[in-house]
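If you want the building blocks of each chain, they are given just below.
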Amino acid sequence: MKIIVPVKQVPEVAEVKVNPETGTLIRDGVPSILNPFDELAVEEAIRIKEAHGGDDSEVTVITMGPPQAVDVLYKAMAMGADKAVHMTDRIFAGADTWVTALTLAEQIRKMEFDLIICGKQAIDGDTAQVGPEIAEILRIPQICYVRKVEISEDGKFVTAHRETDEGYEVVKAKLPVLLTATKGLNEPRLPNIMGIMKAKKKPLEVVDAEKLGVSEDRLGLKGSPTTVRKVFPPEQRAGGIKIDGENPKEAARQLVEFLAKKGVI
Amino acid sequence: MTNKIKALAPDEADLSDMKVVEYQADITETYALYLDDESHSFEGETEKIVFPANEAQVAAVLKDAYEREIPVTIQGARTGLTGAAVPLGGLTVNLERMNNLLHMQYYEDENLYTITTEAGVLLEDLVNAVQSKRLDMIKGQGGPDEEKALERFLNEKKAYTFPVDPTETSAWIGGITACNASGARTFKYGATREWVKRIRVVLANGDILDIRRGQCNADNGVFEIEHSDGEKVTVNIPTYVMPRTKNAAGLYAKPDMDLIDLFIGSEGILGAITLVELGLVPLPENIMPVKAFFPSEDDAVGFVYDIRSSDSPVKMDFLEYYGPNAIEMIKEKASSAGIKIPALSDQTKAIVFFEFEYTDADMEDKIMGLETVLNKHNSSSESSWAGMERSELEKMKIVRHFVPETVNGLIAQRKAQFPKVHKIGTDMAVPDESLRDYLKYYRTVLDGQGMEYVIFGHIGNNHLHCNMIPRNDEEVDQGMDNYMTFAKKAVELGGTVAAEHGIGKLKRDFLKIMYGEKGIEQMQAVKRALDPKWLLNRGNVVPVPADR
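Residue numbers (our numbering), protein chains in the order written: chain D, 16 to 280; chain V, 907 to 1454.
Certain hints may be false.
What the hints assert, rightly or not - Cut-off 27 Å, straight-line C-alpha distance, at most; resulting in silico cross-link-like pairs (DSS-like, lysine-lysine):
| # | chain 1 | residue 1 | chain 2 | residue 2 |
| --- | --- | --- | --- | --- |
| 1 | V | LYS1303 | D | LYS215 |
| 2 | V | LYS1272 | D | LYS198 |
| 3 | V | LYS1282 | V | LYS1094 |
| 4 | V | LYS1246 | D | LYS163 |
| 5 | D | LYS125 | D | LYS187 |
| 6 | D | LYS198 | V | LYS1303 |
| 7 | D | LYS217 | V | LYS1221 |
| 8 | V | LYS1064 | V | LYS1346 |
| 9 | D | LYS32 | V | LYS1282 |
| 10 | V | LYS1303 | V | LYS1221 |
| 11 | V | LYS1301 | D | LYS216 |
| 12 | V | LYS1246 | D | LYS213 |
| 13 | V | LYS1439 | V | LYS954 |
| 14 | V | LYS1063 | D | LYS215 |
| 15 | D | LYS216 | V | LYS1394 |
| 16 | V | LYS1221 | D | LYS213 |
| 17 | D | LYS64 | D | LYS217 |
| 18 | V | LYS1346 | V | LYS1395 |
| 19 | D | LYS215 | V | LYS1064 |
| 20 | D | LYS32 | V | LYS1064 |
| 21 | V | LYS1063 | V | LYS1045 |
| 22 | V | LYS1303 | V | LYS1246 |
| 23 | V | LYS954 | D | LYS217 |
| 24 | D | LYS32 | V | LYS1063 |
| 25 | D | LYS245 | D | LYS125 |
| 26 | V | LYS1301 | D | LYS198 |
| 27 | V | LYS1045 | D | LYS32 |
| 28 | D | LYS32 | V | LYS1303 |
| 29 | D | LYS213 | V | LYS1301 |
| 30 | V | LYS1439 | D | LYS198 |
| 31 | V | LYS1301 | D | LYS215 |
| 32 | V | LYS1424 | V | LYS1160 |
| 33 | D | LYS198 | V | LYS1246 |
| 34 | V | LYS1395 | D | LYS64 |
| 35 | V | LYS969 | D | LYS213 |
| 36 | D | LYS245 | D | LYS17 |
| 37 | V | LYS969 | V | LYS912 |
| 38 | D | LYS216 | V | LYS1064 |
| 39 | V | LYS1045 | V | LYS1064 |
If you're looking for bench data, these hints aren't it; they were derived computationally from the structure.
From a predicted model like this one, the values you see are computed outputs, not experimental measurements.
Produce the entire structure from the sequences given, and follow the hints as far as they go.
Right, here's the structure in full:
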């Protein structure tokens, strides 16, 4: 079984602060991590490979991102993925979700796969679009928000529990299929020393725009049909007022005065 | 080289804009935190708290107090555990307004960058500014050399940091210098002392010493300090021999020592440190933090002995330890915090947490070497938890904090029923060869009594914290007796009674075990030479003599 896991490097959201003047994220000094939902996808891929393996089984992780995004590929390989593809090129920069999906899908199209597992969304953008878009571009079925996966004995079908607002649906599909992983799917393993060492020796293919063979005007910012026009934080609500009268009577007087001024009474 | 130094007269200072808090009601209500430290062991008192904003104001305040013979407590962030910053009356001088980074310097011969800061700079702020190279605030602040050094630093591709890495990042630079703080990476990089290049100190009479490392060394145990009014004082260094361990107990003393070392770790009894220049190092290319799991304490200790030996395949940045009862606490907290540590099984009785640096070229040799040592002690790299990302190290550090958090929680619970109950945590360290014996001694004594306790900490430096958790008032007394017994044993094994927390006001009795009556008197003599009226940080390190 060949499994492909598209992943993304994201800032550790818990530590990100917003610059109140510009409304942009302050990313300095914030550690980058493997998107936690992608970690679930990597773990599930490794488990499926371990359970349904065969000698030709392998898990390939793929990311599109700047040079330092290679760290998340190594993390996934330290967990147990077999090889990695790093799509990196200035031309890819500024891609919206559609072009991101297109770029990844054009690469995946060249590879063998039975199963693609994504995280349901990245914790920085929160769009949850790239996974489904990859499935659309590749014209394969998709099952999103999956929290349980079973592969049939013959390795031809997948049965997945798909989370909904009311409960879950049980969906069966013929491979190849794309899944997106949600919380509860599994408990990702922690890397160990040996895993890290082995990861450094696993094959890592670097793909740029030329190698991908897609024309420049379909890629990156240039190819993106959508652009972010403006980023802004939600309007800050003004703090309430606090009345510290020296005694209840005085406090009541201040309150009445305040309400009167507002024209409420 | 000389053993003489001349103090500078302070500049005129305008005190009209200095923040002063002098109403007792304000002090005891709004400023109550300034009468306490992290030991929460006794309540301080003070007549007045002042917040000078520069060295000249500090000097003017001390000079005035000297003339009027008012005791002064110089205070940092109060993160200490020994009451050293807690005032016992008189005037309190808090340096929180002296919180500017000043300038950078580069020493070509040592290929060393330094950053100079005021005493009240938060350690965390310094580390963040340095690591991220966000240093706009010091642009244009220094002389030409310093501006050049800054420029050069900003152009460095590598990230730099203060290597000692003290755990309490809300401490201040003046404080970590005055108590010679150690930290996570002290195993590799030593304590703060090793990284201090220069300090400025305001003496009891308001005079100022500007001390650069390597410019004033004792001659046969003697320094000569000339005050700004021409008066000369002789300082005789104590003659005791310091232990061969990480140490924060008492004054530093060696016959040919640098004057700067006398003030570092002196806990404010000799002067107020107002400015510090600290060395920085590049962050390593790759670090691998690891938690390794062992089936017994013996295995873990054996691993530590082997991995820090001179022929070890891997040089560690630090080595931390959690014993069996600490692991129970970690398991409980981890499951309630939702952190899963799969490799932590029921068979795990001891954890060693370590970190090492590697490059792509030497990685395999290091790991295969490490694997051999782990296997020898019934552990393996397959069953470890290792990290490649900084966030993984942070997660591991969270797990480390589970132990003290649990202990503090238990203590708070028991205190409700038995008000006398408090945590009794040791801070002893012993020389390398005594680690195994000392750990066994802890266990024999405490298991024999049935005392509840937990052992964890800096095993690389043979500096394990044994926290006793008394269940009632009798056990508090028992725990205090134990502390004395453990201190004596540590000294007998050639160790120290205070490896990192210092002596302050709470641990003076233990210092006496270490250096004897004579050692205490020699420290008092140093204090008397520099502070004849015995005004600065009274009660720290050594007792106040009857005539003062």
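Evaluated hints:
About 25 Å separates the Cα atoms of LYS1303/V and LYS215/D, which keeps this hinted pair within 27 Å; it holds. Of the supplied pair hints, the one linking LYS1272/V and LYS198/D is violated, its CA atoms being roughly 36 Å apart against a limit of 27 Å. At roughly 24 Å between alpha-carbon atoms, LYS1282/V and LYS1094/V fall within 27 Å of each other, so this suggested pair holds. Simply put, LYS1246/V and LYS163/D have alpha-carbon atoms about 19 Å apart, close enough for the 27 Å limit, and the pair holds.
This hinted pair checks out: LYS125/D and LYS187/D have alpha carbons roughly 26 Å apart, not beyond 27 Å. Restraint check: the Cα-Cα separation between LYS198/D and LYS1303/V comes to about 24 Å, which is no more than 27 Å; the hinted pair holds. The hinted pair formed by LYS217/D and LYS1221/V meets the criterion: a straight-line CA distance of about 26 Å does not exceed 27 Å. The suggested pairing of LYS1064/V with LYS1346/V is violated, with an alpha-carbon distance near 44 Å, which exceeds 27 Å.
Distance check on the hinted pair: LYS32/D and LYS1282/V sit about 46 Å apart at the alpha-carbon level, beyond 27 Å; violated. Taking the CA atoms of LYS1303/V and LYS1221/V, the gap is near 20 Å; set against the 27 Å cutoff, the hint holds. Simply put, LYS1301/V and LYS216/D have alpha-carbon atoms about 26 Å apart, close enough for the 27 Å limit, and the pair holds. The suggested pairing of LYS1246/V with LYS213/D holds, with an alpha-carbon distance near 23 Å, which does not exceed 27 Å.
Proposed proximity of LYS1439/V and LYS954/V is supported: the alpha carbons are some 20 Å apart, at most 27 Å. Note on LYS1063/V and LYS215/D: the hinted pairing holds, with a Cα-Cα distance of about 23 Å set against a maximum of 27 Å. Distance restraint check for LYS216/D and LYS1394/V: the Cα-Cα separation of roughly 52 Å exceeds the 27 Å cut-off, and the hinted pair is therefore not satisfied. About 21 Å separates the Cα atoms of LYS1221/V and LYS213/D, which keeps this hinted pair within 27 Å; it holds.
Straight-line distance between C-alpha atoms of LYS64/D and LYS217/D comes to about 17 Å, which keeps the hinted pair within the 27 Å bound. Simply put, LYS1346/V and LYS1395/V have alpha-carbon atoms about 12 Å apart, close enough for the 27 Å limit, and the pair holds. Proximity of LYS215/D to LYS1064/V is assessed by CA-CA distance (about 22 Å); at most 27 Å being required, the pair is judged to hold. With a C-alpha separation of about 24 Å, the suggested pair LYS32/D and LYS1064/V falls inside the 27 Å cut-off, and the hint holds.
With a C-alpha separation of about 19 Å, the suggested pair LYS1063/V and LYS1045/V falls inside the 27 Å cut-off, and the hint holds. Under the criterion of a C-alpha separation no larger than 27 Å, the hint pairing LYS1303/V with LYS1246/V is consistent with the structure, at around 14 Å. Among the hinted pairs, LYS954/V with LYS217/D is inconsistent with the structure: their alpha-carbon atoms are about 66 Å apart, more than 27 Å. With a CA separation close to 25 Å, the supplied pair LYS32/D and LYS1063/V stays within the 27 Å bound.
The suggested pairing of LYS245/D with LYS125/D is violated, with an alpha-carbon distance near 36 Å, which exceeds 27 Å. Taking the CA atoms of LYS1301/V and LYS198/D, the gap is about 19 Å. The hint holds against a cut of 27 Å. For the given pair, LYS1045/V sits about 25 Å from LYS32/D by alpha-carbon distance, which is consistent with the 27 Å threshold. A C-alpha spacing of about 22 Å is found between LYS32/D and LYS1303/V, which places the hinted pair at or below 27 Å, so the restraint holds.
Restraint check for LYS213/D and LYS1301/V: the C-alpha separation of about 22 Å stays at or below 27 Å, so the hint holds. A threshold of 27 Å between alpha carbons decides the hint, and for LYS1439/V with LYS198/D the separation of about 67 Å lies outside it, so the pair is violated. Between LYS1301/V and LYS215/D, the direct Cα distance comes to roughly 22 Å. Compliance with the 27 Å bound is thereby established for this hinted pair. Distance restraint check for LYS1424/V and LYS1160/V: the Cα-Cα separation of roughly 16 Å lies within the 27 Å cut-off, and the hinted pair is therefore satisfied.
Proximity of LYS198/D to LYS1246/V is assessed by CA-CA distance (about 14 Å); at most 27 Å being required, the pair is judged to hold. Under the criterion of a C-alpha separation no larger than 27 Å, the hint pairing LYS1395/V with LYS64/D is inconsistent with the structure, at around 56 Å. Proposed proximity of LYS969/V and LYS213/D is contradicted: the alpha carbons are some 65 Å apart, above 27 Å. This hinted pair does not check out: LYS245/D and LYS17/D have alpha carbons roughly 41 Å apart, beyond 27 Å.
Taking the CA atoms of LYS969/V and LYS912/V, the gap is about 17 Å. The hint holds against a cut of 27 Å. For the hint pairing LYS216/D with LYS1064/V, the CA-to-CA distance comes to about 25 Å; that is within 27 Å, so the pair holds. With a CA separation close to 20 Å, the supplied pair LYS1045/V and LYS1064/V stays within the 27 Å bound.
Hints 2, 8, 9, 15, 23, 25, 30, 34, 35, 36 from the list above are not met by this structure, while the remaining hints are.
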